[in-house]
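Chemist: Listed below, chain by chain, are the residues.
2 protein chains.
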Amino acid sequence: MAKTDIARRVYNHAWKLDPIVRSLLDTDFYKLLMLQMIWKLYPDVDVTFTLINRTTKVRLAEEIDEAELRAQLDHVRTLGISKKELIWLAGNTFYGRTQIFEPEFLAWLSTIRLPAYELSKRDGQYELTFRGRWTETTLWEIPALAIINELRSRAALKSLGYFSLDVVYARAKAKMWEKVERLKQLPGLRISDFGTRRRHSFLWQRWCVEALKEGIGEAFTGTSNVLLAMDSDLEAVGTNAHELPMVAAALAKTDSDLANAPYKVLQDWNTLYNGNLLIVLPDAFGTTAFLRNAPSWVADWTGFRPDSAPPIEGGEKIIAWWEKMGRDPSQKLLIFSDGLDVDAIIDTYRHFEGRVRMSFGWGTNLTNDFIGCAPHDIAGLKPISIVCKITEANGHPAVKLSDNPLKATGEPAEVQRYLKFFGSEDRVEHAVKV
Amino acid sequence: MAKTDIARRVYNHAWKLDPIVRSLLDTDFYKLLMLQMIWKLYPDVDVTFTLINRTTKVRLAEEIDEAELRAQLDHVRTLGISKKELIWLAGNTFYGRTQIFEPEFLAWLSTIRLPAYELSKRDGQYELTFRGRWTETTLWEIPALAIINELRSRAALKSLGYFSLDVVYARAKAKMWEKVERLKQLPGLRISDFGTRRRHSFLWQRWCVEALKEGIGEAFTGTSNVLLAMDSDLEAVGTNAHELPMVAAALAKTDSDLANAPYKVLQDWNTLYNGNLLIVLPDAFGTTAFLRNAPSWVADWTGFRPDSAPPIEGGEKIIAWWEKMGRDPSQKLLIFSDGLDVDAIIDTYRHFEGRVRMSFGWGTNLTNDFIGCAPHDIAGLKPISIVCKITEANGHPAVKLSDNPLKATGEPAEVQRYLKFFGSEDRVEHAVKV
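Residue numbers (the working numbering), protein chains in the order written: chain A, 1 to 434; chain B, 1 to 434.
There may be inaccurate statements among the hints.
Pairs count within a copy or across copies, as identical chains cannot be separated in the list.
Straight-line distance between alpha carbons at most 30 Å, and here's what the computed DSS-like set of lysine-lysine pairs gives [stated by the list, open to error]:
{"id": "1", "residue 1": "Lys83", "residue 2": "Lys3"}
{"id": "2", "residue 1": "Lys40", "residue 2": "Lys433"}
{"id": "3", "residue 1": "Lys332", "residue 2": "Lys184"}
{"id": "4", "residue 1": "Lys184", "residue 2": "Lys158"}
{"id": "5", "residue 1": "Lys253", "residue 2": "Lys332"}
{"id": "6", "residue 1": "Lys433", "residue 2": "Lys175"}
{"id": "7", "residue 1": "Lys40", "residue 2": "Lys83"}
{"id": "8", "residue 1": "Lys3", "residue 2": "Lys84"}
{"id": "9", "residue 1": "Lys264", "residue 2": "Lys332"}
Keep in mind that the hints were calculated from the coordinates and are not lab data.
The following block holds chain A by itself, in its conformation from the complex (with noise of 0.2 Å):
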């Protein structure tokens, strides 16, 4: 006799709504990093955050049906931070560190709920924007990005039967599985979790990284999803990102405030953290005029994140760097997160082995390889390069300007404004693909 939960049944085929994001701890643990500084040093303001999608190509909104999306995002604002999650956060070791959160945040973070979206249709994208407290807005980033890719898989998907869908996931995971065993081959990795954003579905990326908590043990660092982290007895992980010196700089008001701006978020950063968590991102206005102007504690951070230039080349220049400033890259971190492949990866790895302590920040090809998994060629199912990026802050504009010109953010006459004055130099165009 076949046996149904009549129940399970109906439920699943009725439902209103299968939210992609079910916790505000699906988000980047460094959110909440950023998000405690941000509380304490900038409470009052205000930014604008705005949905990028660089793949214009990809017509989001002829993908992706609108109501859905309202839907998806009015869910992720009936949300609050569960009593369960806040004890985590408040019992949880973070970086080797008790407490991480202070009491009086964690208490604010009870309250908070997201705020408002506005969202419109132009030229098939969707204009996207988050106004209002840099506090608040802020943790629309994640969500905002994971909802866009988890609708654009599950519209790829809708034309499948079951039993394509089954062939495609059998084969997406043992396209993963794949990866595993090769990077098991590599001794002493250290290797996490960065795809929340980019993520094919939730449950997709939960799998990935069941898998890599499986298949390759100890060198699986940790994952960047706060709810992940909890769930699976995982450490979070991340650092800053570059909304702070985006910001520090659009909130400048003298030259020496812009120039300034980039080093006084780290020393804002260095007021509450320490340790493994004072990684430098050094590109937001170009890896090479950071590096000029830095002053010299900035080479006694733990370590760099080098974002936007190739891993090999980006690492190269800090290493020299750090040698200049007669430190020893063999006790330094360069943690790598920007487009990884198992081939960047390896490289990366080869390349540097034995000369400086590496971290590897797997993002989109981690969590979002479907890549000749579906009976046919779907387009939907290749991931698409998107951000959330501050584009205001106070009324000022806000801008990004990478080391590679493709991923610079902002008005074009303000981005002249910031090359002029940070300079271009080692600016190369690299095809973004995630």
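Given chain A, work out where chain B should sit, using these hints.
Modeler: Just chain B now, kept in the frame of chain A:
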């Protein structure tokens, strides 16, 4: 909130037995066709079926628990043909013919239960025999083999956790789908599932059958598994097996009877069946001997199933014989079924394309190919060459010579007698993989 169907969970964890064979129709279709003939023409013959593990280095009695084996065999003895199954057998069309099974036969079939078995251990192997009326023991062959093979898979997978199992099946699915995509390239291919006896498991065979249905569509002409044919609305396929000439030969009282045995069973067959069911299985005592002595009416039959010579060599021999007999091979059918993998299927298809009608019966490599799928090498996942053969009929030893001496069965002295009688031309050893 996690939603668990408590009843299902308790049931899943508390069941006494997960039956491998849940229906008497979970068998090869040709067993039923042969059974009707045996029931009609040989109702009083007693035979002995014996399990023969040709992969002697695999010590089955050490891999498979005896209590589990007994429990599975005992379970099969509780099964009878259900009302729904009888109605389907009576009402379905097989090979384009309605009512292929006589009402009296079905009435008798509705009453049968499988007879007792004898099981003991010797030198690390199981001695498993079925003695009694041919009409009853013949139905043991397929379930006995399926049970041994699935218990072996289960034992092999026992050490793996949930995640590893997930990877194993994902890879097996991905691997199977690669095969489907290769077979899709062959226009006019006709292929069917012959993989019941050696399958990894029932559920896996079902998945593979669904994969062929979904993936190659019309090229998939059916399954030998009656239960899967019924449940998936597929054609049930298969004709006759070596047990017919083997028993006829064992019962032969004179040299003339022995010489005529392979043709007598074809005449018997022809009293019940016609059309695409008129398929000659020529290799029981060597194909060369069979063709040399064959009456001319054998060339009127629809086709041949060369089952133990390499497919191209075996096919050429039969085509040459048809031509010698003045028949047009392009109107004839060759069914290839001996240890096929995709390479062999493609090579054979390309070789004979346009010269003869072809059909492929895909067995072990379809339903039990897990090589390279486990996280580490698991010997128990490698299929073995195991058969369940008639070793005696009415007290006389039964023999199969085959075109491949490694596939011969029977007492050595009796095999020698048959070899002297039928000759041993063109019998060449080929490694028996499955």
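Chemist: Indicate, hint by hint, whether the structure satisfies it.
Modeler: Going through the hints against the structure:
no. : hint               : verdict
1   : Lys83 with Lys3    : between (37 Å within a copy, 20 Å between copies)
2   : Lys40 with Lys433  : neither (36 Å within a copy, 71 Å between copies)
3   : Lys332 with Lys184 : within (23 Å within a copy, 54 Å between copies)
4   : Lys184 with Lys158 : between (35 Å within a copy, 24 Å between copies)
5   : Lys253 with Lys332 : neither (34 Å within a copy, 91 Å between copies)
6   : Lys433 with Lys175 : both (19 Å within a copy, 29 Å between copies)
7   : Lys40 with Lys83   : within (22 Å within a copy, 75 Å between copies)
8   : Lys3 with Lys84    : between (35 Å within a copy, 19 Å between copies)
9   : Lys264 with Lys332 : within (22 Å within a copy, 86 Å between copies)
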